[in-house]
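S.K.: Residue numbers (my numbering), protein chains in the order written: chain A, 1 to 369; chain B, 1 to 369; chain C, 1 to 389; chain D, 1 to 389.
Please keep in mind that the hints were generated in silico from the structure rather than gathered at the bench. Since the model is a prediction, treat every value here as computed from it, not as a measurement. We put the CB at the ideal spot given by N, CA and C, even for glycine. This list has only true hints and no planted wrong ones.
Subject to a maximum C-alpha distance of 27 Å in a straight line, what follows is the list of computed DSSO-like cross-link-like pairs (lysine-lysine):
(1) D/K387 x C/K373
(2) D/K263 x A/K134
(3) D/K6 x D/K37
Here are some chain B residues the structure puts well away from chain D; computed CB gaps all over 12 Å:
(4) T102
(5) G144
(6) G216
Each chain, written out:
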Amino acid sequence: MTDFSEEDREAICDMFRRLLADQASEEKLREIIETPSGLDKALWQQMAELGLTGIMIPAELGGIGGSIEEVEALMEVAGASLYNGPFISTSVIAPILLSAATNTEFVSALLEDIASGEKIIAIAGCGRSGDWTKSPEVSAKQNGSEWILSGSACFVQHARNADAFLVATAQEGNVAVFYIPKNAPGLDIVEHDTDDKTLRLSTVDFDKAQGILLEGVGEEQFKSATQSAIVALAGEQAGATRQIFDLTIEYLNTRFQFGQPIGRFQALKHMAADLLIEVESASSSARHAARALASKAPNASMLAYLAKFTCADNFRKVSADAIQLHGGIAYTVEHPAHLYWRRAQTGQWLFGSSDRFRDLYLSEMETAP
Amino acid sequence: MTDFSEEDREAICDMFRRLLADQASEEKLREIIETPSGLDKALWQQMAELGLTGIMIPAELGGIGGSIEEVEALMEVAGASLYNGPFISTSVIAPILLSAATNTEFVSALLEDIASGEKIIAIAGCGRSGDWTKSPEVSAKQNGSEWILSGSACFVQHARNADAFLVATAQEGNVAVFYIPKNAPGLDIVEHDTDDKTLRLSTVDFDKAQGILLEGVGEEQFKSATQSAIVALAGEQAGATRQIFDLTIEYLNTRFQFGQPIGRFQALKHMAADLLIEVESASSSARHAARALASKAPNASMLAYLAKFTCADNFRKVSADAIQLHGGIAYTVEHPAHLYWRRAQTGQWLFGSSDRFRDLYLSEMETAP
Amino acid sequence: MTADLKNEVEVWLTEHWDPEAECELGKGEYDEKSWLKKVVDAGYAVPTWPEKWFGRGLSPKDARVIENAFQKHKAKGWGRDRFHLGAITIYKLGSDALKSELLYDLLTGPICCLLYSEPGAGSDLAGVRTRAVRDGDDFIINGQKVWTSNAVEAEYGMLLTRTDIDVPKHQGITFFIFPMKQEGVEVRPINQITGEDEFNEVFISDARVPARFIIGELNKGWFSFQTAIASERLIMGQGITSRLRGAAGKTPALLKLAHDHDKLNDPVLRQEIAQALAYRQLNTLNMLRAKEEVAKNGSSSLASLGKLAMSRIQHGEARISAKIIGPQVLINETEDSRNANFDAAKAYMNSIGGGTDQIQKNIIAERVLSLPKSTDVSRDIPFKDVKSS
Amino acid sequence: MTADLKNEVEVWLTEHWDPEAECELGKGEYDEKSWLKKVVDAGYAVPTWPEKWFGRGLSPKDARVIENAFQKHKAKGWGRDRFHLGAITIYKLGSDALKSELLYDLLTGPICCLLYSEPGAGSDLAGVRTRAVRDGDDFIINGQKVWTSNAVEAEYGMLLTRTDIDVPKHQGITFFIFPMKQEGVEVRPINQITGEDEFNEVFISDARVPARFIIGELNKGWFSFQTAIASERLIMGQGITSRLRGAAGKTPALLKLAHDHDKLNDPVLRQEIAQALAYRQLNTLNMLRAKEEVAKNGSSSLASLGKLAMSRIQHGEARISAKIIGPQVLINETEDSRNANFDAAKAYMNSIGGGTDQIQKNIIAERVLSLPKSTDVSRDIPFKDVKSS
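Please work from the sequences and hints to get the whole structure.
M.R.: Have a look at this one:
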């Protein structure tokens, strides 16, 4: 459970919201995605100064010691602006994995670097399936005191901008996680041409690259980090869903046809009412999942999986209908609707598909006490 | 291909339509379904006199030599009135199976009895799965010149009113079909309490009952009869779908709320427009499937399967929305909407489920030339 | 205070109520009137109301202490300040004289029935045509009401009538508390597609109601009525929440059904079952958020989504239940089949009853999303000129 | 007659056209103007029109003989009486003088562009605000048009303008055939979410059009316009039919995709793929029935369902294509991914362009199902009083 009061949480969200309003306008986003890195590093540094990159890192290591509840709330803010930085990788997954490791000295230094914004960490968490709940396709072999990694990780976010990677590996059915600097020999990044220009995806190949084992981090810790990651993503999607919905409602109120705002037409009203259920369901599922994870509730996994497919699917549905409700104007590149819609397509697949998590949700239900 | 001209076909449909308008009103149907037999035998006799029971039987045996195209057209008429007689069993499946048999003398006499309305035939075509494309659960054993049937057939329509059964059996992977009179020793009918009161379903148990083999009738002939049966059912559903839709549109035009016909409310208009696609798709699929079967077109199976799940699903969808569009009035037993809706539930399962036939449709597509 | 109250109620209940037989201690069988009088007299029926009106002047939170004790003892008669629509309406809108005359009677009797809908006034309740015409100290009522539950048992009905046809529809309505037990009131049950007959038609011919039984003012009944249905919506919302199957710790019905029919290995059904369970759980989570928002801000727009969401849930669950059962669902010989078929029909109760989904969507779009109001062409013209079928 | 005609066209084409190089025989490259003049002069461009207007006075059936021959020889310029919207409109609605002046030019030039939609007039085309003001023998045009395809190439545009703002909107519209190649006409391509820019914005500032270029009559342009869009709908409908993938004998694209990605064993996807294929085939069957009805009765209400049905088909197929491809669809490095992402965006072209699904549903409900017309509050008031954003 978090130590943050609701007011504290709202305060850091407000802070983040103001920062993004100032530094991450739609115009700015459109500029950034045209740059080679696709990342606004200055903004990342500002987030670090506000303590946001260390949201899950304890105060003694330079962070602000929040929980997944704060993360989820921040991600709603991030999603509304289609923020595209390495927050989930660096500030959610990495701290959870690192904090679980027993080689304390090594990880403490790293956590400090994350909190200060000095290091961006990307996570190599899955193979070609894109599914973090399935076995990774990188293997690790011990050679004396050294660990040698081979294989490929797919759909890796923010690889180009990372200073280092955490790599999930599988050997003999066991998951282990390794730290490996980006410039390590044998590590190769292949950047891909994504349809959603706001997010970059890479394949990271390991050809006998040497990694540092996170001691004590196994399948359970990796699963736990994945669950926080999908809830963070769910929060982002819930925020984005609400934002594109609000933009649409605003348009329905201001666009006139037949001498009246089109929002007076009953068929559009009814579409809007139906969508509101999806918008609120996304928020509810993300927030409740975060709360359950933070308090280690017995149904936390179930709620995390529910949030994953609900927010992915509802974001897709709402952003798709938003284009339809806008009509021709949203068929132009200049209108923001398609940016949301494309991000929603991406979100269908990150960490695993909706069908996959629907199935896992049912499995959790089946085994619920 | 049929020898009937389009005008001929329209003429027999008109004749049938007039007969049903006269003899099978909703009021009459509600009376009939309260009787123990659930069948209007006088109406069946009148259909026989008009030649309808022998629609697929050649003229020389007392029929009128039509094809599945005529059957489909008649079934649209039947469906509109929720006609509940044994037409598909006795006048579609039985003649197709019997005409395929090589014990000509025996079957000719039977076909004459069907055409004249003297005999009603029920078909025992499936086991507990309800699926006619899966292996029957009755087995036949040869004992000298006799065939002995054992096992159970499920979801048998019109069993109580049948004079005899045609029974599909499986032994060693092979399908054979037997004729067996209702009063044969070892044959037992268990009538069930159906939710749809317009259709009765029975389990027919065979305990060493003696049957007469339809020689030369195997898997292929049974499959062919099943395809005609599902297209006949599709026609019935298409007709019923259109009728409940038309009733609904009429209601939208006549029901006033807020000082205007509710059909002026855009949300209801849009529901109606969406449903019209389903109504027309049902008709198109049933008619094209019938035409393809009649002309032995290479894609006939594919179109039959398409018609099966389309008409079943669209009837369900349209009749369900019809209740919603009517509002409270259709929540009363006195209103006909629920009769259509319940028949639509039944139609989801007769001969096999929509999911099953969707799958078979795809299989046909996969192997299409 | 809370502990004192809790103790007091515990003692009172122990002295008066037999939780085993669910009746007054020593009586052996339950007599509603007798028991309700005891509860009302003790101030436990409507604890949030002032003592003058049979209450204790408690906060809602303290009132829950009483309710919880009653529920623990399986005792009846609690929460009538939350659930007794007739009494609440009279309490809120009636004059002191009317309260003195009726309130005790209402609180100690069976619940009031609602005489709102008419064959021609369903979604458009302001289009009521049942006439109330002044005759001395009385009004004479003629008309037909429909979808009235508990009409047979009810001693009173909350009656919406037309008293002026020369003004626009909302301005000529009068709202009465109407004595049901009189000549000229005929109740006929409605046969519903679920096999139930919980609702009735009520035919009213030259029946009478005293003019002092007007709730609110003559021709201003629409406003009184709004207060009444606000209470009704609250009750329905609570009803929905408590009807939720698969509450914490219980296996959801659909999951149990799939397990019993051995269908949890079917990948197609798994997706459909999971999504259906998700829709129900998402609604629960939305309603939990609504509760938190109400606790925090006094209101929540989320609450208004529950009924609409429930339509997709109920119709969907019924459809998937049928798929799980398979063709056996056609035959009403197992409990699973009967439930699935009943639920499929009953789902319309939610999507049509108490305001259709379409009306709900209008309300959500206009009140929650603030989209522009639809034009009601019958709103501003004299009622007598409104077109009807 | 048919055989003679077939022979004649075959001979003519053999003499004039090089099917290999797809240009005039001996020329080596295609010169549109030169070739179209030949086709028009021979009477093959608009064979159903009378000789006076460059046709042959043929029946539609005989005209197909010509079209078939042209298609066989891969020759261009056929069927302009079916597809050249500008020419058809002038032919149907223009005075003899106008026809004499423009028709030959139109038939031998590139197609006309359509200057209908405006930023504020999309679904409500009668709400156009582009002004046309009389100035001597000309009208001076000011305004902005949008969603105009071929605006760069077009020599003429069919232009919908406002000529009277003191009367209700439908009564103050004038329809022009408008010369595009003049100062005051600026064309800017629209960047579409598909990556295409087939459409343009057209900014018109003090451009001129002769008064004799009015199509129909001054202020009665709405009626002329109806004729023009009736032809357009016909063309779009035909376009849709010919765009159908998976026509007889070809493996449907979705099935091929599923096969290539080895997903035909996934039971969940099988259901979705089958249903998507079914929707497309059902629409084909509906359109076949429409064709038969047209052949029999001259019209078919079924035809009006095609565009709406296509929205569900296209959006659905794009969605399922993505599911088949899996996460690789996020990366535009394979043709399958590029197609799926393009198709997903392009589907809005059908569901929004040429009348949104919502407008289509209105039309179907009112014209096919004869449900009562919606009230257009801007219909009967002077245009200058119509509210806009």
